[in-house]
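Q: Each chain is listed here by its residues.
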Amino acid sequence: MTKKSTAAAIAAKDKLKASFFKKGVTIGLLSGLTYGLFAAFITLAMQRGIWGDWYGDNTAGLSTFTIVFILGALGTALNDICSAVWALINCGRKGKLQDFFRTLSTAPGKMLMVAAIMGGPIANVAYIIGIQLAGSIAIPITALCPAIGAILGRVLYKQELNKRMALGIIICVSASIIIGSVGIGGDTGDSIVLGLVIAFVAALGWGLEGVLAGFGSSMVDSEISITIRQVTSGVANFLILLPILGLLGGGITLPFELAGQAFASGSAMIWFAVSGFFAFISFMWWYQGNSMTGAAMGMATNGTYSFFGPLSCWVLLGIIMGQEGWSLTAIEWFAAVTMAIGIWVIAMNPLDLIFKKKEEVIDEAA
Amino acid sequence: MKPLNYAILKHFTKVEEASASHVVEALKDKYGDFKALNEKEVLTALMTAEANGLLEESRYELSGSGDVVIYYRAHQEGLEAINKYIKD
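In order, the protein sequences belong to chains S and G.
When we follow the working numbering, the leftmost residue of the first sequence carries the number 1, and every step to the right adds one.
When we follow the working numbering, the leftmost residue of the second sequence carries the number 1, and every step to the right adds one.
In short, the hints are calculated from the structure, not lab data.
From the three backbone atoms N, C-alpha and C, an ideal C-beta is built for every residue, glycine too.
Each hint should be verified, as a subset may be incorrect.
[As the list claims (entries may be wrong)] Far from chain S, by Cβ distances over 10 angstroms, these chain G residues were calculated:
id: 1; residue: Thr13
id: 2; residue: Lys14
id: 3; residue: Glu16
id: 4; residue: Glu17
id: 5; residue: His22
id: 6; residue: Glu25
id: 7; residue: Leu27
id: 8; residue: Asp29
id: 9; residue: Lys30
id: 10; residue: Glu39
id: 11; residue: Glu56
id: 12; residue: Ser58
id: 13; residue: Arg73
id: 14; residue: His75
id: 15; residue: Glu80
[Stated by the list, open to error] With beta-carbon atoms standing in for the labels, derived distance ranges:
id: 16; chain 1: G; residue 1: Glu56; chain 2: S; residue 2: Glu324; range: 52 to 60 angstroms
id: 17; chain 1: G; residue 1: Glu57; chain 2: S; residue 2: Leu167; range: 22 to 30 angstroms
id: 18; chain 1: S; residue 1: Ser267; chain 2: G; residue 2: Tyr71; range: 54 to 62 angstroms
id: 19; chain 1: G; residue 1: Asp88; chain 2: S; residue 2: Ile170; range: 40 to 48 angstroms
id: 20; chain 1: S; residue 1: Ser191; chain 2: G; residue 2: Glu57; range: 47 to 55 angstroms
id: 21; chain 1: S; residue 1: Ile170; chain 2: G; residue 2: Arg73; range: 33 to 41 angstroms
id: 22; chain 1: S; residue 1: Gln98; chain 2: G; residue 2: Lys84; range: 22 to 30 angstroms
Isolated chain S (complex conformation):
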């Protein structure tokens, strides 16, 4: 190659790699946004049909434990099942259904199933028990998952984690903690320390899921990865999470009786289908973003869900549906800006902008 064509090739290659990274960051941010939409639609679904009675008049006479924990887990389980159906339809449409079945029995396929169980039933159970024991102060602890993901990515897969990226992660996690702390009142539980430790298990589960799934998705097509994730999580939520919660309060068959009524409630199931669709898109992009940019960046961009969640609820439930109490607080807006700064710090060195400009000026002068 001549000098000129070499320079042109370098420029074209750098452009291609930069666009790949930017695509990864965009996909990561969109995963946060669609997670927010999933959160808003699942909230809406759990207000409709039979859910309106369970959370309202409660003519069935459900206990507080059942209302808070079993119904919460049932909502997640229904959402994941709907999400799995969407993922399977997508695989069929793209001609990847056979590859989905072929991947299940392989090592990366099993890695994705472990990730789904870590992030699905295990982290969810830990999250629920953590809140039960320590109160809502346990919620911000779970916001540590991006930091845990970044550290595990560094240890397990030697992914890059320099001081600047660590600073960016700290900024993002702090912003998530600020949002999670909004509304924390005096509702502390019986055993705060144990509750916080168990909440940390939830953060560990989600952190591990992000890393395992990101690495798994470097070998498995992301559309197949997400199908494995949602099918595993949906089935495990029904076979592990709900029976455990049933045993803790009301009997092992109770969650399944409620599930039968929920499935029959068409006006709610329509919205679960919508929330499941956004969950499918969101998790697929989370896995894809993680595999394209590394766990540190992928989890930080996905972590914007802690802002997009309240934002989507405000727009859908507050503005569109006209419900009160969904507007965002000044603290949430402040944390969102802080989070954006954190992601920027992880992605690039802000000082580069200043020095690059200076170099360009010198070059032009020369």
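Starting from the known structure of chain S, arrange chain G on it as the hints suggest.
A: Frame of chain S; chain G shown alone:
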């Protein structure tokens, strides 16, 4: 028959280096009816594998149409990881 993405990675355990178009050409016989067997999606798979330390760039050149063509190869660690996770 392996999933397409596995076949793409496994290809690098058999050749010194390959570009996305080489991979498409090599897998055409077996995976020709797969919608995802096209240069764009294969390149995404290769760049993702590079981001996760499975492959590395070996060289690059400009094609006749002025597009950059990147060649990838599996370094020793990547080779071991591919063979460890994807069995024959």
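Q: Each of the hints needs a verdict: does it hold here or not?
A: Status of the hints after comparison with the structure:
no., hint, result
1, Thr13, "holds (13 angstroms)"
2, Lys14, "holds (17 angstroms)"
3, Glu16, "holds (20 angstroms)"
4, Glu17, "holds (15 angstroms)"
5, His22, "holds (17 angstroms)"
6, Glu25, "holds (20 angstroms)"
7, Leu27, "holds (13 angstroms)"
8, Asp29, "holds (17 angstroms)"
9, Lys30, "holds (13 angstroms)"
10, Glu39, "holds (12 angstroms)"
11, Glu56, "holds (13 angstroms)"
12, Ser58, "holds (12 angstroms)"
13, Arg73, "holds (16 angstroms)"
14, His75, "holds (13 angstroms)"
15, Glu80, "holds (13 angstroms)"
16, G:Glu56 - S:Glu324: 52 to 60 angstroms, "holds (56 angstroms)"
17, G:Glu57 - S:Leu167: 22 to 30 angstroms, "holds (29 angstroms)"
18, S:Ser267 - G:Tyr71: 54 to 62 angstroms, "holds (56 angstroms)"
19, G:Asp88 - S:Ile170: 40 to 48 angstroms, "holds (44 angstroms)"
20, S:Ser191 - G:Glu57: 47 to 55 angstroms, "holds (53 angstroms)"
21, S:Ile170 - G:Arg73: 33 to 41 angstroms, "holds (37 angstroms)"
22, S:Gln98 - G:Lys84: 22 to 30 angstroms, "holds (24 angstroms)"
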